[in-house]
Amino acid sequence: MTTLFIADLHLQQDTPELTQAFLDYLEYRARNAHALYIMGDLFESWIGDDAIGNFEQQIIDALRHFSDSGRHLYVMHGNRDFLLGERFAELTGAVLIDDPAIISIDEDVPVLLMHGDSLCTQDGEYMQFRAMTRDPKWQQQTLALPIEQRRQLADRMREGSGSANSSKTDDIMDVSQEAVENIMEQCHVRTLIHGHTHRPDVHDFRLHGDEVAKRYVLGDWHHARDEGWEVRLDGMTLTLERFSLSELSHH
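Residue numbers for the sequence shown follow UniProt numbering, beginning at 1 and rising by one.
Any given hint might turn out to be false.
Unchecked claim - Below, simulated EDC-like cross-link-like pairs (lysine to aspartate or glutamate); rule was C-alpha separation at most 16 Å, straight line: (1) Lys214 / Asp170; (2) Lys214 / Glu247; (3) Lys214 / Asp171; (4) Lys168 / Glu125; (5) Lys214 / Asp201; (6) Lys214 / Asp204.
Unchecked claim - Computed spacing ranges between beta-carbons, pair by pair: (7) Glu27 / Pro136: 15 to 23 Å; (8) Ile52 / Gln177: 17 to 25 Å; (9) Glu125 / Leu153: 13 to 21 Å.
Please keep in mind that the hints were generated in silico from the structure rather than gathered at the bench.
Cβ atoms here follow ideal geometry from the backbone N, Cα and C, with glycine treated the same way.
When you get a sec, could you build the whole thing from the sequences and use the hints?
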């Protein structure tokens with residue numbers, strides 16, 4: 001029984017090679033998985049479940065095919081696709097899960113799943129933006145706008161995010177170790193899997209009670225670098241794996 005965790009694909013109409021890589025991933029690499037967790041930023045932007053064009057439909061159909069074949073599909077919101085809604089879940093056969101979420105491996109070992117952006121507490125400007133965009137009232141007002149207006153808003157937000165980030169230091173945009181330890185203590189877990197930072201790695205550290213803890217960070221998928229990332233759970237063993245996007249259909 002294999003469970004897979006991925007994040008930060010940032011799929012968009014302008015990157016057809018990346019879209020094809022994801023379709024190949026579902027068809028080949030994830031073929032024998034029992035469950036797939038997509039932990040935020042599957043899409044570069046999502047402006048509402050009522051704005052589904054050919055590109056979005058292509059992804060929805062592939063996810064539906066995956067879930068219809070008896071496999072479990074879970075989707076968490078990211079900082080780019082926080083407007084994914086119940087209609088998307090219904091169309092794909094996915095379950096939308098909270099951020100954070102706790103799952104159990106082998107029935108009694110809890111693992112904490114997060115997108116990861118809420119851990120970047122040193123970036124005060126971003127934390128304010130996050131609080132605004134996660135506010136149900138703000139989301140309701142935004143979804144009430146005409147589709148074209150929402151598209152323009154999403155473009156402006158992406159541009160603003162890009163220019164703001166260009167002036168921030170790397171450590172400000174990374175997760176805060178204190179925030180990591182606090183949430184892990186609160187949730188009584190010793191294992192955390194998250195994405196968002198695009199810094200794939202496995203971090204070993206000690207929590208306040210001197211217990212050994214692990215933090216698995218998923219990398220982003222990148223066509224130019226020809227790399228995708230996943231965390232695989234086989235039995236009780238978690239591994240962070242890098243794979244070639246161009247070779248997915250060859251396996």
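Verification of the supplied hints:
1. Lys214 / Asp170: violated (22 Å)
2. Lys214 / Glu247: violated (30 Å)
3. Lys214 / Asp171: violated (20 Å)
4. Lys168 / Glu125: Holds, at about 10 Å.
5. Lys214 / Asp201: Distance ~10 Å between Lys214 and Asp201 Cα, so the pair holds.
6. Lys214 / Asp204: With a Cα-Cα distance of about 5 Å, the restraint between Lys214 and Asp204 holds, given a limit of 16 Å.
7. Glu27 / Pro136: 15 to 23 Å: Violated: the Cβ-Cβ distance is about 36 Å, outside 15 to 23 Å.
8. Ile52 / Gln177: 17 to 25 Å: violated (40 Å)
9. Glu125 / Leu153: 13 to 21 Å: 18 Å Cβ-Cβ, so the 13 to 21 Å window holds.
In this structure, the hints that do not hold are numbers 1, 2, 3, 7 and 8, in rising order.
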